[in-house]
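Colleague: This is what each chain is made of:
There are 2 protein chains.
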Amino acid sequence: MSIEVVAFDGDDTLWHNESIFSITQEKFQALLQEHAPAEHVYERTLEKERANLALYGYGIKSFTLSMIETAIEVTDGRIEANDIKTLLDLGKSMLTHPTELLDGARRAITDAVANGYRVILVTKGDLFDQESKLARSGLGELFESVEIVSEKDERTYRRLLDEHGVEPHRFVMVGNSLKSDILPVLQIGARAVYVPYHVTWALEHADEPDPGDRWTRIEHLDELPAVLSSWAG
Amino acid sequence: MSIEVVAFDGDDTLWHNESIFSITQEKFQALLQEHAPAEHVYERTLEKERANLALYGYGIKSFTLSMIETAIEVTDGRIEANDIKTLLDLGKSMLTHPTELLDGARRAITDAVANGYRVILVTKGDLFDQESKLARSGLGELFESVEIVSEKDERTYRRLLDEHGVEPHRFVMVGNSLKSDILPVLQIGARAVYVPYHVTWALEHADEPDPGDRWTRIEHLDELPAVLSSWAG
Numbered sequence: 005m006s007i008e009v010v011a012f013d014g015d016d017t018l019w020h021n022e023s024i025f026s027i028t029q030e031k032f033q034a035l036l037q038e039h040a041p042a043e044h045v046y047e048r049t050l051e052k053e054r055a056n057l058a059l060y061g062y063g064i065k066s067f068t069l070s071m072i073e074t075a076i077e078v079t080d081g082r083i084e085a086n087d088i089k090t091l092l093d094l095g096k097s098m099l100t101h102p103t104e105l106l107d108g109a110r111r112a113i114t115d116a117v118a119n120g121y122r123v124i125l126v127t128k129g130d131l132f133d134q135e136s137k138l139a140r141s142g143l144g145e146l147f148e149s150v151e152i153v154s155e156k157d158e159r160t161y162r163r164l165l166d167e168h169g170v171e172p173h174r175f176v177m178v179g180n181s182l183k184s185d186i187l188p189v190l191q192i193g194a195r196a197v198y199v200p201y202h203v204t205w206a207l208e209h210a211d212e213p214d215p216g217d218r219w220t221r222i223e224h225l226d227e228l229p230a231v232l233s234s235w236a237g
Numbered sequence: 005m006s007i008e009v010v011a012f013d014g015d016d017t018l019w020h021n022e023s024i025f026s027i028t029q030e031k032f033q034a035l036l037q038e039h040a041p042a043e044h045v046y047e048r049t050l051e052k053e054r055a056n057l058a059l060y061g062y063g064i065k066s067f068t069l070s071m072i073e074t075a076i077e078v079t080d081g082r083i084e085a086n087d088i089k090t091l092l093d094l095g096k097s098m099l100t101h102p103t104e105l106l107d108g109a110r111r112a113i114t115d116a117v118a119n120g121y122r123v124i125l126v127t128k129g130d131l132f133d134q135e136s137k138l139a140r141s142g143l144g145e146l147f148e149s150v151e152i153v154s155e156k157d158e159r160t161y162r163r164l165l166d167e168h169g170v171e172p173h174r175f176v177m178v179g180n181s182l183k184s185d186i187l188p189v190l191q192i193g194a195r196a197v198y199v200p201y202h203v204t205w206a207l208e209h210a211d212e213p214d215p216g217d218r219w220t221r222i223e224h225l226d227e228l229p230a231v232l233s234s235w236a237g
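Each protein sequence line maps, in turn, to chains S and E.
Going by my numbering, the letters in the first sequence line up with residues 5 to 237, in that order.
Going by my numbering, the letters in the second sequence line up with residues 5 to 237, in that order.
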């Protein structure tokens, strides 16, 4: 039976995201260079983000708070308030950064709509950030529905399929994160298309699942229509 | 025609929220007492929150970031990193604060369910905070649906009514904020029950609308069933 719903991830699938975090990380490391080596700052920030995840959730505000906490700890409280102001400014500039679409993003969505699929966005993170990014992306009107969730796990996907009245084998998730977009979707019996981004946040790392007929890996969104029609038969 | 959907606000309608912000504000003012009078700190924080709203949205993480920025400005950059660490800790302690239900909250929901209304939660703010508070409230299972939105305006309410397939005159919003729970709901032709909380965030202040047959004010959630049945006839 053919595919009914095609769900796209947002960050690093339709628009650039992790690259903006990486650039900010570099600026953060440069700010602390008199206090600690770049690699050390990176590791400590990651530890802090991991520790704060259960309290803060995902997103730029969470990252900004974790940077500030890391900066205070790495410098043993010697960082100046004006440098912390710089970190606040880095966070704000991430929040206002233009939403830059990945090559082929709009076409992938419009093709799917034109081919009669119900097309939705399923994106994880801060509600306010994500709505703002979506608005700036110009893609909002293309989706039948937009689902902003705090975590992409099996429970979330089960709920979404239920709400949208779609059976697992007729649902495809398209995304760049094995951990969030591929593994839990396969786990509930649905289908997935993995489109890796050139950089992955360390907390999203996962191994590729065994090859199977319910998921595939593509290198560019332009390959998506062929995958969907291969599953139509 | 009788009411079909009863929607409850969360913060300061079902559980205490603003009181936790107020307590944190007092601690913040005490921390800066050598630098500026309490009233000045309060005013500057409020200005900062207002200025940051379009960028950060609502919630505790936003408030924490605004406190830090205010502290740096009010002290002309002289605040010590360890005091900023204290502000991070204040934010974290807000995030882990137990969700304390208002008197009659659970009963108001179970009564509405027992009387055959479809009962939903419509709460504004940070997705992660709100989900976490709801989980800690123990009320989650009572709602047919939970809607966490970034802003409660006419557009949001129109979308919600549409998604839930309910006509405006059969929808009642119950909440403590005139600005978010009452005025936009009346504006789209739906009904509202205003239950004031003892303290209102300055950015939520609004005047009561003119008396009318589509809204009423109650002093305690226990008065809700009588209002709903008065609208049933």
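Heads up, a few of these hints could be off.
A pair counts as met if it fits within one copy or between any two copies, since identical chains are not told apart.
Said to hold, decoys possible - Below, computed lysine-lysine pairings styled on BS3-like, alpha-carbon distance capped at 30 Å:
(1) K52 / K183
(2) K183 / K89
(3) K183 / K31
(4) K52 / K89
Simulated from the structure, these hints should not be mistaken for laboratory data.
Colleague: Which constraints among the numbered hints does this structure fail? Numbers only, ascending.
Modeller: Result: hint 2 breaks, nothing else.
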